[in-house]
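Asks: Residue-level listing of the chains:
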Amino acid sequence: MITFAIMREALSAVWGNKLRSGLTVLGMVMGITSVIAIVSTVEGMQSNMEDVFSNMGQNTFMVTRFGIVTSWSEYEKKRRRKIITRDFIEPIKDGCDACEDVGAEGYANSNIKYGSKTMPRVSIEGQTSNHLAMRDVDVFRGRYFSEEEERGSKNVVFVGQDVVEDLFEGEDPLGKTIRIRRLRYTVIGIADKIGSLFGQSQDEFIYMPLSTLRKNFGEQGRRVNLVVKAVSRDRLEEAMDQTRVVLRSKRHVPYDEEDDFDLLTPDAILSFINTFTRAFRVILVALPFLSIVIGGIVVMNIMMVSVTERTREIGVRKSLGARQSHIRSQFLYETLTLSAVGGLFGILFGMTLAGAILSWMDIHTPTTMLAVYLGVGISTTVGLFFGIYPAVKAARLDPIKALSFE
Amino acid sequence: MRLIETKDIWKTYIMGAEKVHALRGVTLNIDRGEYVAIMGPSGSGKSTLMNLIGCLDTPTSGEYTLNGADVGSMTDDQLAVIRNREIGFVFQTFNLLARATALHNVELPLIYSGDPRDVRREKAIIALKKVDLGDRMTHQPNQLSGGQRQRVAMARALVNNPSILLADEPTGNLDSKTSQEIMALCDRLHQQGNTIILVTHEPDIASHANRVITILDGRISDDSVLTSGEKTRGRVA
Ligand SMILES: Nc1ncnc2c1ncn2[C@@H]1O[C@H](COP(=O)(O)OP(=O)(O)OP(=O)(O)O)[C@@H](O)[C@H]1O
Ligand SMILES: [Mg+2]
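In order, the protein sequences belong to chains A and B.
Counting from 1006, one number per residue, gives the positions in the first sequence under the numbering used here.
Counting from 9, one number per residue, gives the positions in the second sequence under the numbering used here.
Because the hints were derived from the structure by calculation, they are not lab data.
Source: prediction; values computed, not measured.
Be a bit skeptical, because a hint or two may be false.
What the hints assert, rightly or not - Derived CB-CB ranges, DEER-like: (1) B:ARG227 x A:LEU1031: 35 to 45 Å; (2) A:LEU1375 x B:THR68: 40 to 50 Å; (3) A:SER1017 x B:ILE134: 19 to 29 Å; (4) A:LEU1292 x B:GLU130: 49 to 59 Å; (5) A:HIS1369 x B:ASP85: 55 to 65 Å; (6) B:ASN150 x A:LYS1406: 24 to 34 Å; (7) B:ILE134 x A:ILE1299: 44 to 54 Å; (8) B:ARG107 x A:SER1206: 53 to 63 Å; (9) A:LEU1375 x B:MET23: 55 to 65 Å; (10) B:ASP85 x A:ILE1278: 57 to 67 Å; (11) A:LEU1292 x B:GLN148: 39 to 49 Å; (12) A:ILE1278 x B:GLY122: 53 to 63 Å.
To be verified - Rough simulated footprint, nothing fancy, chain A against chain B, three-plus residues with beta-carbon under 8 Å: (13) 62-71; (14) 99-108.
Cβ atoms here follow ideal geometry from the backbone N, Cα and C, with glycine treated the same way.
Given only the sequences and the hints, what does the whole structure look like? Please build it.
Replies: Below, the structure is given as structure tokens:
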């Protein structure tokens, strides 16, 4: 009962001094807006990255010559490794019973042309025909190439959404012929949209049979990464071990030497990128917290001024029987109200800002409630933390001194 | 019945190295239903005594019993409860909340006694009607005359049915006509059974009371009951 009445006193004090309240709210809004904006943006980028990586396929891993290279000397060392070719596919299939399927992919890039239009430096992947089943890439329209087409090194391509947009502009690409290095390829299928990563679209690609890449792009088409899919998530480790054993023996790695290849899971790549971006994220998130602290200090200062200005009011309330806890609550509710309003606007502005940034980066992940929880949490904490001192100060005022305050 | 009982009350302020004795041993009894005026020169300790009686402050030494309860040993919160239930203050400067309506100002003590909203409203309206301000309830202090403001303050002081009405120079900021209105109200409240203690410099005002206590230099120098003859003379003087 008393609580509600005191809350009402606090509200009418907030409402009664709109300029002061406005300034306090502003102090909060700026800090919370920046925190929410940045945290939601970072979160959006993160979940986007996870989305994109999940496209690599569940339960799959890659066998690569270089793995993740983080230094020049490491590169120098790995450069001496034997290359990986598709010849390892069959041995792994034979020697790994935890593996469901094994494929390979080789890489190139080139300008591609359709009619008079050119798209520069598009990433081209040669793939074995089992690739689509192993990766979580979906067919949007048309089809992926068949085993026969792969075996026969046919000039057929399966293209990403960006290629469709840039080259065909509304025309139906299926059955059309594009040119890559003067050779003609027939478009047989289009992939579903994937999205973008670090502001870079993942939909700008062309897939063709690996044998076709080998035939038309030469030596480049011989160096591949192997893609291995385990029969289940549980047997992923087992599949990796078996693959390792097969490869070591096939590549004649002495028992006392390290592998001359690297196995990469999507998780490993993701966690590598995460460690790489962690510092960046920490700074990005820490900076606006500074502005929260500054905002909080602004709030505290305004409340201190308010306590001083209202010394007489506090004296009157005390003379009428207000206890310390009543006065303290009233001032705390005032600060909390102001910071809650500030938090609300901060959440609103912050999420809008984050949405704008993310869509500018071409990231379209659904927003989560994180920003809301964070905004509410921060504004309450700031309200309590920076509100308690002025409130206690008000509550402890001596009634007589307060009453005779000029 | 004894309402106020003080025994050798001292109030000493320490100002740096110097000690200021605002009260130097005040012993005083006031019964329920009395109408007391406190007089004395400026700086003699009248306000200090009022603040002590009103439980806004505690004595440096001495005993103070209010309604049988020992005030000297009370905590801050207990004093607040006493102020809320037993004391009604009226100040020279009114001390109304500027942004609140008359009604809300009168409701304030009831907030702290925990009355529900509708009860607060009801009691406040009754109190305002008692001081003839039934038609000014939604006015803010700056929309009221000085006399009206002081009447709002008196309604606020009375709304919780306190044992004592304490008024420190209630007419100090009012012209003589308005002062007489306020004093007429005091007289009426006294007739209705309220205990009233007021501080004043003016004999004219003091003559409304039944008993005049004079303070000089922190001590009671005179404590006399006014006969009806003196009251009449006082009013003429
Ligand atoms: N907080 C304080 N600190 C120091 N001295 C004080 C304090 N309050 C009052 N005094 C001193 O105590 C004495 C009594 O003050 P008090 O206010 O009670 O006088 P008063 O009789 O009400 O005077 P007035 O008629 O002018 O209102 C004065 O000398 C005053 O200076
Ligand atoms: Mg005084």
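Asks: Confirm or reject each hint.
Replies: We went through each hint and held it up to the structure:
1. B:ARG227 x A:LEU1031: 35 to 45 Å: Violated: the Cβ-Cβ distance is about 57 Å, outside 35 to 45 Å.
2. A:LEU1375 x B:THR68: 40 to 50 Å: 59 Å, violated
3. A:SER1017 x B:ILE134: 19 to 29 Å: 23 Å, holds
4. A:LEU1292 x B:GLU130: 49 to 59 Å: 55 Å, holds
5. A:HIS1369 x B:ASP85: 55 to 65 Å: 58 Å, holds
6. B:ASN150 x A:LYS1406: 24 to 34 Å: Given about 25 Å between the Cβ atoms, the range holds.
7. B:ILE134 x A:ILE1299: 44 to 54 Å: 51 Å, holds
8. B:ARG107 x A:SER1206: 53 to 63 Å: Cβ of B:ARG107 to Cβ of A:SER1206: about 59 Å, so the range 53 to 63 Å holds.
9. A:LEU1375 x B:MET23: 55 to 65 Å: 58 Å, holds
10. B:ASP85 x A:ILE1278: 57 to 67 Å: 59 Å, holds
11. A:LEU1292 x B:GLN148: 39 to 49 Å: 46 Å, holds
12. A:ILE1278 x B:GLY122: 53 to 63 Å: 60 Å, holds
13. 62-71: Satisfied; 3 residues make the cut.
14. 99-108: It holds, with 6 qualifying residues against the three required.
Violated hints, listed in ascending order, are 1, 2; each of the other numbered hints is respected by the structure.
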